[in-house]
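Please construct the entire structure, taking both the sequences and the accompanying hints into account.
Okay, so the sequence shown: first residue is 1 according to this note's numbering, each after it adds one.
Keep in mind that the hints were calculated from the coordinates and are not lab data. Incorrect hints may have been included.
[Unchecked claim] Calculated cross-link-like contacts (lysine to any residue; reagent style SDA-like; alpha-carbon spacing at most 25 Å):
id, residue 1, residue 2
1, LYS204, PHE223
2, LYS156, LEU401
3, LYS483, ARG574
4, LYS250, ASN187
5, LYS237, LYS121
6, LYS483, THR261
7, LYS296, GLU82
8, LYS483, LYS121
9, LYS48, ARG574
10, LYS128, GLY56
11, LYS156, ILE420
12, LYS250, GLY325
13, LYS48, LYS296
14, LYS121, GLU82
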Amino acid sequence: MTFGRDQTVNEAKEQEWWRRSTVYQVYPKSFKDTTGSGQGDIRGLLEKLDYLQDLGIDIIWLQPVYVSPQNDNGYDVADYCEIDPQFGTMEDFDELAAEVRRRGMNLMLDIVVNHSSTEHKWFQEAKKSKDNPYRDYYIWRDPKPDGSAPNNWQSKFGGSAWQFDEGTGQYFLTLFDKTQADLNWENPQVREEVYNLMSFWANKGVCGFRMDVINLISKDQQFSDDDGSVPPGDGRKYYTDGPRVHEYLKEMNQRVFGPDTVTVGEMSSTSMEHCIRYSNPEEREFSMTFNFHHLKVDYPGGKKWELMPYDFEQLKALLSEWQTGMQQRGGWNALFLNNHDQPRALSRFADDGEYRVESAKMLATTLHGLQGTPYVFQGEEIGMPNPHWNHIGELRDIESLNMYKILQEQGKTPEEALDIIRERSRDNSRTPMQWDDSLQAGFTTGTPWIKVDERYREINVQNQLNDPDSVYSHYKKLIALRKEIDALTGGKYVRLDEGHPQVFAYARITDAETVVVVSNFSGSGAVFDFPEEFAAQHIGRGAAELLAGNTKSSPALEERIELTPYSSYMWIIRQTR
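Listed below in C-alpha cells is the structure:
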C-alpha cells in the first residue's frame, strides 16, 4: 500500500458547492412548537434559523409538511402541493424559504413518491373502479386462485405487502404501511405528475430534494413469489434498485433539476454499484446517496428486531469500503449516523452516560472527517441520547407498535418485546428538541405529541451555546473545518487501524496536506501505533496541527498515541517543500 494522493479524484467535482456543505435535518413535528398544539410547526423553524446559521449549516433538510393523515408521520402524503394545517400555511412556507435564502442558507425538501397516502385524491379515484382514469396510478393485481395475496412479499412494517380492496376485488401494493399505496412508475402519467409537483416546489425557491426510498420505484413486473434464495426473502430482490430505476432518475434529472440543485437519494438495501451510478455526476441522476449498511451492524443475521452488541470491526470495514469504493469511481456519500428512522447513535455506538459528552464529540469527529456531505440530525449537535421509555404507551411510531404485537405473537413476553422496542424504535430520534431547561424543554407550551426526555434540564441548547467545551461548540468547529480544509473534500481515504479492537483511525491525503483522525470507541484507555509506512511518509514530514479534540489535552501527532476513553482527535499535516 502506498499512502499517497488518490489520482482518481476529479478536482472539477470539488467545485460543486454542496461537497463542502453540511446539512441539518429538521423533523418538524418535534423541532419547535409556536402555537401550543404540542406539535412543531414551520414558524418554529423560522424562529430558530439564526441558531442554525450560527452553527454553520448550509442546507436545511425539511421533512414532510404536506397534507397527510400522519399514519407514518407525514410520509403518507395526501396532497403534495399543500401545507398541512398542523404545520402552518403556504404563506409560512414562503416566508421560511425567503428567510433561509436571506441568511445565505438553502432549503431542501423531502419528496415521497414511491407511494402516496390512500387518502390522496389519486387513490380515492383509483379505487372507484377498474376502468377509472387513475386506476393505473397504483399497482393492482388479482388474487391468487385461492383468494390470497398476489405474492408473498412482506411490508417493511410487518405483514403482507398487499391490501385487498373489497370494492374492486383486487389487491394493491403497500411496501410500507397499509395506508401507503405504491405508485406505478411504469405509467408515464405518474412520472409526469411527480415531475410537476417537484417543479412546483423548485419554483418556490427550494435548492433541492431528499428523495424517500427512491430506489424502490421500479418493480419487476412479473411480481413473482420470493423463493427465499436471497435473504431475507421478503420480496425486496424484485423491487430494490429495480430494472428501470436509473432510466426514471435520469428522466427526473433532465426534467426537474438545474445545475445548482442538490439532491440526495435514500437507498433502501442498495448496493455500492448502484450508488456509484446514482451519484456519479456523469450519470446525471443524484448529487449523493444515503445507504444504511453501516447501521445494520447490530442486527444479528440482518434481523432488525433482535438485539446484539454492535460489531465494531464491521462498522469500520463498511464505512471504509464505501469511502474507498465511492471515491475511486466518482460516487459521493451522504455521511450520517443519525436520522429520524434510527435510534440515536450516541446510545447505540458509544456511551450516553458517564462519557456522553466525549462520546458525542468522538462520533462527530469520526464522521466529519470522512469524504461526503455530513448530515446533522436535530439534537445530535447537543448530544441527545435515546430517551428512557417506561412503557409502550409512551411510543407513537406505527412500526414500533406493530412490532410490539408481532414480537409477542412470536413468543416474546411483553417485557422482552419492550426491551427490543426500546433499543430499535424510530421514536428514539423523534422526541422533542431540547432548547432549554424550562417546562417541556422549551419545545412547547402545551402537551407534546410525544414525551420529552427526562434529561432535558441537563442536555439542552441553552446550556451549550456559550460553552466552548460543549458538544454544540465542537460541531460548530467541525462544520467550519469542512469549508476550510481541502483534504476533507477531495483527499484520498486511507484506513490506518486495521483490526484494532478499540480504535478507528484513518487519513485523508492530498499532495499538499494530510488530515489524520484517531478515535477510541471504547470506555477504557487504548494505545494506537500508526502503520510504519504511513508514519515514515507523513509523521514528522511537516508541521502537524491539532484541528479538533474532545479532551482537555492537546496531544502531538506521534507514531504512538495514548487514548483515554472515547477520546478522539483530528490533526492536519501541511507538507513542507
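- Message: Tell me the hint numbers this structure goes against, listed in increasing order.
- Response: Hints 1, 5, 7, 8, 9, 10 and 13 not satisfied by this model.
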